[in-house]
Amino acid sequence: MSKVKDYIYRPEIECLSRSEFENLQSERLRKTVELVYNNCKPYRAKMDACKLKPSDIRSVADLQKLPFTVKHDLREAYPFGFYSAPARDIVEVHASSGTTGKLTVVGYTQNDVDVWAEVAARSLAMAGVTKDSLVHVAYGYGLFTGGLGAHYGAQQIGASTVPASAGNTIRQLTLLRDFGATHLCCTPSYAIFLGTEIEKAGMNIEDFSLIGGAFGAEPWTYQMRDELERLLHIDALDIYGLSEISGPGVAMECMQKHGSHVQEDHFIPEIIDPDTLEPLPYGSEGELVFTTITKTGQPLIRYRTRDLCTLTAGKCACGRTTVKMSKVKGRSDDMLIIRGVNVFPSQIEAAIMNVAGVSPHYMIYVDRINNLDVIEIDIELAGNLTPDRVSDIESIKKKVETEINSYIGLSAKIKLCESGSIRRSEGKAVRVVDRRE
Amino acid sequence: MLVKQLSVFMENRPGRLYKLTHALGKEGIDFVTLSIADTKDFGIVRFIARDNERAYEILKNEGFTVGITELIGVEVDDKPNALAEVIALIEAANINIEYLYSFVLTNHNSAKILMRVEDTDRALKILTEKGIKLLSEKIL
Numbered sequence: 001m002s003k004v005k006d007y008i009y010r011p012e013i014e015c016l017s018r019s020e021f022e023n024l025q026s027e028r029l030r031k032t033v034e035l036v037y038n039n040c041k042p043y044r045a046k047m048d049a050c051k052l053k054p055s056d057i058r059s060v061a062d063l064q065k066l067p068f069t070v071k072h073d074l075r076e077a078y079p080f081g082f083y084s085a086p087a088r089d090i091v092e093v094h095a096s097s098g099t100t101g102k103l104t105v106v107g108y109t110q111n112d113v114d115v116w117a118e119v120a121a122r123s124l125a126m127a128g129v130t131k132d133s134l135v136h137v138a139y140g141y142g143l144f145t146g147g148l149g150a151h152y153g154a155q156q157i158g159a160s161t162v163p164a165s166a167g168n169t170i171r172q173l174t175l176l177r178d179f180g181a182t183h184l185c186c187t188p189s190y191a192i193f194l195g196t197e198i199e200k201a202g203m204n205i206e207d208f209s210l211i212g213g214a215f216g217a218e219p220w221t222y223q224m225r226d227e228l229e230r231l232l233h234i235d236a237l238d239i240y241g242l243s244e245i246s247g248p249g250v251a252m253e254c255m256q257k258h259g260s261h262v263q264e265d266h267f268i269p270e271i272i273d274p275d276t277l278e279p280l281p282y283g284s285e286g287e288l289v290f291t292t293i294t295k296t297g298q299p300l301i302r303y304r305t306r307d308l309c310t311l312t313a314g315k316c317a318c319g320r321t322t323v324k325m326s327k328v329k330g331r332s333d334d335m336l337i338i339r340g341v342n343v344f345p346s347q348i349e350a351a352i353m354n355v356a357g358v359s360p361h362y363m364i365y366v367d368r369i370n371n372l373d374v375i376e377i378d379i380e381l382a383g384n385l386t387p388d389r390v391s392d393i394e395s396i397k398k399k400v401e402t403e404i405n406s407y408i409g410l411s412a413k414i415k416l417c418e419s420g421s422i423r424r425s426e427g428k429a430v431r432v433v434d435r436r437e
Numbered sequence: 001m002l003v004k005q006l007s008v009f010m011e012n013r014p015g016r017l018y019k020l021t022h023a024l025g026k027e028g029i030d031f032v033t034l035s036i037a038d039t040k041d042f043g044i045v046r047f048i049a050r051d052n053e054r055a056y057e058i059l060k061n062e063g064f065t066v067g068i069t070e071l072i073g074v075e076v077d078d079k080p081n082a083l084a085e086v087i088a089l090i091e092a093a094n095i096n097i098e099y100l101y102s103f104v105l106t107n108h109n110s111a112k113i114l115m116r117v118e119d120t121d122r123a124l125k126i127l128t129e130k131g132i133k134l135l136s137e138k139i140l
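Protein chains in written order, with my numbering: chain A, 1 to 437; chain B, 1 to 140.
Calculated directly from the structure, the hints in this document are not laboratory data. Worth double-checking, as some hints may not be accurate.
Derived lysine-lysine pairs resembling DSSO-like cross-links, with alpha carbons at most 30 Å apart [as the list claims (entries may be wrong)]:
1. A:Lys31 x A:Lys257
2. A:Lys65 x A:Lys200
3. A:Lys31 x A:Lys5
4. B:Lys60 x B:Lys4
5. B:Lys79 x B:Lys4
6. B:Lys4 x A:Lys415
7. A:Lys200 x B:Lys60
8. A:Lys46 x A:Lys3
9. B:Lys79 x A:Lys415
10. B:Lys26 x A:Lys200
11. A:Lys200 x B:Lys19
12. A:Lys398 x B:Lys40
13. B:Lys79 x B:Lys125
14. A:Lys102 x A:Lys329
15. B:Lys4 x A:Lys200
16. A:Lys65 x A:Lys399
17. B:Lys4 x B:Lys40
18. A:Lys415 x A:Lys399
19. B:Lys19 x B:Lys4
20. B:Lys125 x A:Lys415
21. A:Lys315 x A:Lys3
22. A:Lys41 x A:Lys65
23. B:Lys130 x A:Lys413
24. A:Lys102 x A:Lys415
25. B:Lys79 x A:Lys399
26. A:Lys31 x A:Lys131
27. A:Lys415 x B:Lys40
28. A:Lys398 x B:Lys4
29. B:Lys60 x A:Lys398
30. A:Lys413 x B:Lys60
31. A:Lys131 x A:Lys102
32. A:Lys329 x A:Lys71
33. A:Lys131 x A:Lys257
34. A:Lys3 x A:Lys31
35. A:Lys413 x B:Lys4
36. A:Lys399 x B:Lys4
37. B:Lys60 x A:Lys399
38. A:Lys398 x B:Lys19
39. A:Lys65 x A:Lys51
Predicted, not measured: the structure shown is a model, and the values here were computed from it.
Produce the entire structure from the sequences given, and follow the hints as far as they go.
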């Protein structure tokens, strides 16, 4: 039974008609293209290379003429080469770690911070955050945008904001309980971890006041949502963002829990085929691409997120008309190619979560043995199981093997582990170790 | 007339059994029985403690996957063929024995047998009818 009373924070925008959106986007796109062409050297070079002038871009229909931007471009311009604003107008700098190489730096002007706060506020409204709420932010605060993004959104609404940041589980639980937090923002894997630690800490979920939360920064499955909602007695919603575009709040799931609304008056989404780079129609799965149309510090044109999902248009049952993105299936660079088959860790997770008797804590190892790719998955047995008969445990293992095989079309070696034995992460969960040379 | 036993899932790697026995030992928990079923990857440690409920609490708090199962316990004379006679009764009724282990308490001339069967109620009925001495937690 849901205790969340969600509402539309900015109905005059979030419920515009398609043609109204397109007019607004066209006008803002023209301005943005002009801004980057005149102020950002790499963009002028890219457009010149395609023989494009700002005047060639008259509406959103012309978006496809523009070249893509990739993470590599930002790294090449490290640290501040992608600014379209003078450095003195930048008020905040973030950087995303990435798993390899240089940091990707993003500068925000005051306008950009305001845009970010606005979209984060709209997002938290979807989880029912109001002035009366107490929002506990357990995302890391720092160069990572998770912490401050949720923080700005909660403050814009006027909720009490607790900047707990990540780490120190017992303190987190104590603060959540004693301060009476109504909403939690952190990564879904950390939220599940907090949920499972409540009992161990000698606490009772009945003594908490949580009703909802916004969880993001890593892909997660619907089954994980069920687990999280069960553990914390909340409605758990997916919040999407990436520091290059804006932190959390680029898109957020409404209480329909079926896709996340993209804040289209600020970010134009597209789906492309990651191989041919051709735009794909609504409903097709492909790589998500964003163009920012209100940012002034470091606007990005057709930025390839590497996240794979689908977009759908049409009025949502919640009343909003913004385009919705499906849950991110994986990142095109997270994708494992195993014996020639494309495998996403999220598929493996979905398979695992279908089996009773195991927990959502797992680790995927990929090795190459005698020139053959081999997957081994360590999964923790559920803590509430009665592990008495060998055959019961063997049959859980068998079920996991069968499920995984049906999801990815490959067999994986399953190892059941003691509960608590797989390392918990307090930030983004690391779930894949590829040991192939 | 059933005997409560704890079972714990354990990965098959060094140090695990110590962790379990030490967790209980340092809290002064005494084992009455202990048996291990092992496979290549994992084992199931089954035991009865003097204070099962406390043992359960301790292991839960330490994060072990632990559960409580109820077993049939019988007492037979400590002499050849005594076990076979009991098993014959169960098997004659076509009830499958899932596992079984025995133990002997000091100063007794009898052996105790613990077993998990497919159909506990029916097995209990048969054993009672045949006058087999059943164990309860108190006798342990």
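Status of the hints after comparison with the structure:
1. For the given pair, Lys31 (chain A) sits about 34 Å from Lys257 (chain A) by alpha-carbon distance, which is inconsistent with the 30 Å threshold.
2. Annotation: proposed proximity of Lys65 (chain A) to Lys200 (chain A) is violated, straight-line Cα distance about 57 Å (limit 30 Å).
3. Distance restraint check for Lys31 (chain A) and Lys5 (chain A): the Cα-Cα separation of roughly 37 Å exceeds the 30 Å cut-off, and the hinted pair is therefore not satisfied.
4. Distance check on the hinted pair: Lys60 (chain B) and Lys4 (chain B) sit about 16 Å apart at the alpha-carbon level, within 30 Å; holds.
5. Taking the CA atoms of Lys79 (chain B) and Lys4 (chain B), the gap is near 26 Å; set against the 30 Å cutoff, the hint holds.
6. Between the alpha carbons of Lys4 (chain B) and Lys415 (chain A) the distance comes to roughly 29 Å, so the proposed pair stays at or under 30 Å and holds.
7. A C-alpha spacing of about 8 Å is found between Lys200 (chain A) and Lys60 (chain B), which places the hinted pair at or below 30 Å, so the restraint holds.
8. As the CA atoms of Lys46 (chain A) and Lys3 (chain A) are separated by approximately 50 Å, the hinted pair breaks the 30 Å bound.
9. Taken as a hint, the Lys79 (chain B) and Lys415 (chain A) pair is broken in the structure, with Cα atoms around 42 Å apart against an allowance of 30 Å.
10. Between Lys26 (chain B) and Lys200 (chain A) the CA atoms are separated by roughly 19 Å; this keeps the pair inside 30 Å, and the hint holds.
11. The suggested pairing of Lys200 (chain A) with Lys19 (chain B) holds, with an alpha-carbon distance near 18 Å, which does not exceed 30 Å.
12. Only pairs whose Cα atoms come within 30 Å are accepted, and Lys398 (chain A) paired with Lys40 (chain B) is accepted, the gap being roughly 15 Å.
13. Straight-line distance between C-alpha atoms of Lys79 (chain B) and Lys125 (chain B) comes to about 24 Å, which keeps the hinted pair within the 30 Å bound.
14. Taking the CA atoms of Lys102 (chain A) and Lys329 (chain A), the gap is near 25 Å; set against the 30 Å cutoff, the hint holds.
15. Note on Lys4 (chain B) and Lys200 (chain A): the hinted pairing holds, with a Cα-Cα distance of about 24 Å set against a maximum of 30 Å.
16. Simply put, Lys65 (chain A) and Lys399 (chain A) have alpha-carbon atoms about 49 Å apart, too far for the 30 Å limit, and the pair is violated.
17. A hinted pair counts as satisfied when its Cα atoms are at most 30 Å apart, and Lys4 (chain B) with Lys40 (chain B) qualifies at roughly 27 Å.
18. Proposed proximity of Lys415 (chain A) and Lys399 (chain A) is supported: the alpha carbons are some 12 Å apart, at most 30 Å.
19. Distance hint between Lys19 (chain B) and Lys4 (chain B) is fulfilled; the C-alpha atoms sit about 22 Å from each other, no more than 30 Å.
20. Distance hint between Lys125 (chain B) and Lys415 (chain A) is unfulfilled; the C-alpha atoms sit about 40 Å from each other, more than 30 Å.
21. For the suggested pair Lys315 (chain A) and Lys3 (chain A), the alpha carbons sit about 24 Å apart, so the restraint of at most 30 Å is met.
22. As the CA atoms of Lys41 (chain A) and Lys65 (chain A) are separated by approximately 19 Å, the hinted pair is consistent with the 30 Å bound.
23. For a cut-off of 30 Å, the pair hint linking Lys130 (chain B) to Lys413 (chain A) is broken: about 48 Å separates their Cα positions.
24. Taking the CA atoms of Lys102 (chain A) and Lys415 (chain A), the gap is about 35 Å. The hint is violated against a cut of 30 Å.
25. Only pairs whose Cα atoms come within 30 Å are accepted, and Lys79 (chain B) paired with Lys399 (chain A) is rejected, the gap being roughly 44 Å.
26. A C-alpha spacing of about 34 Å is found between Lys31 (chain A) and Lys131 (chain A), which places the hinted pair above 30 Å, so the restraint is violated.
27. Proposed proximity of Lys415 (chain A) and Lys40 (chain B) is supported: the alpha carbons are some 10 Å apart, at most 30 Å.
28. The straight-line distance between the Cα atoms of Lys398 (chain A) and Lys4 (chain B) is roughly 28 Å, inside the 30 Å bound, and the hint therefore holds.
29. With a CA separation close to 26 Å, the supplied pair Lys60 (chain B) and Lys398 (chain A) stays within the 30 Å bound.
30. Distance hint between Lys413 (chain A) and Lys60 (chain B) is fulfilled; the C-alpha atoms sit about 28 Å from each other, no more than 30 Å.
31. Restraint check: the Cα-Cα separation between Lys131 (chain A) and Lys102 (chain A) comes to about 40 Å, which exceeds 30 Å; the hinted pair is violated.
32. A hinted pair counts as satisfied when its Cα atoms are at most 30 Å apart, and Lys329 (chain A) with Lys71 (chain A) qualifies at roughly 20 Å.
33. A C-alpha spacing of about 23 Å is found between Lys131 (chain A) and Lys257 (chain A), which places the hinted pair at or below 30 Å, so the restraint holds.
34. For the hint pairing Lys3 (chain A) with Lys31 (chain A), the CA-to-CA distance comes to about 42 Å; that exceeds 30 Å, so the pair is violated.
35. At most 30 Å may separate the alpha-carbon atoms for a hinted pair to count; Lys413 (chain A) and Lys4 (chain B) exceed this at roughly 34 Å.
36. Between Lys399 (chain A) and Lys4 (chain B) the CA atoms are separated by roughly 29 Å; this keeps the pair inside 30 Å, and the hint holds.
37. Proposed proximity of Lys60 (chain B) and Lys399 (chain A) is supported: the alpha carbons are some 25 Å apart, at most 30 Å.
38. A threshold of 30 Å between alpha carbons decides the hint, and for Lys398 (chain A) with Lys19 (chain B) the separation of about 28 Å falls inside it, so the pair holds.
39. Among the hinted pairs, Lys65 (chain A) with Lys51 (chain A) is consistent with the structure: their alpha-carbon atoms are about 10 Å apart, no more than 30 Å.
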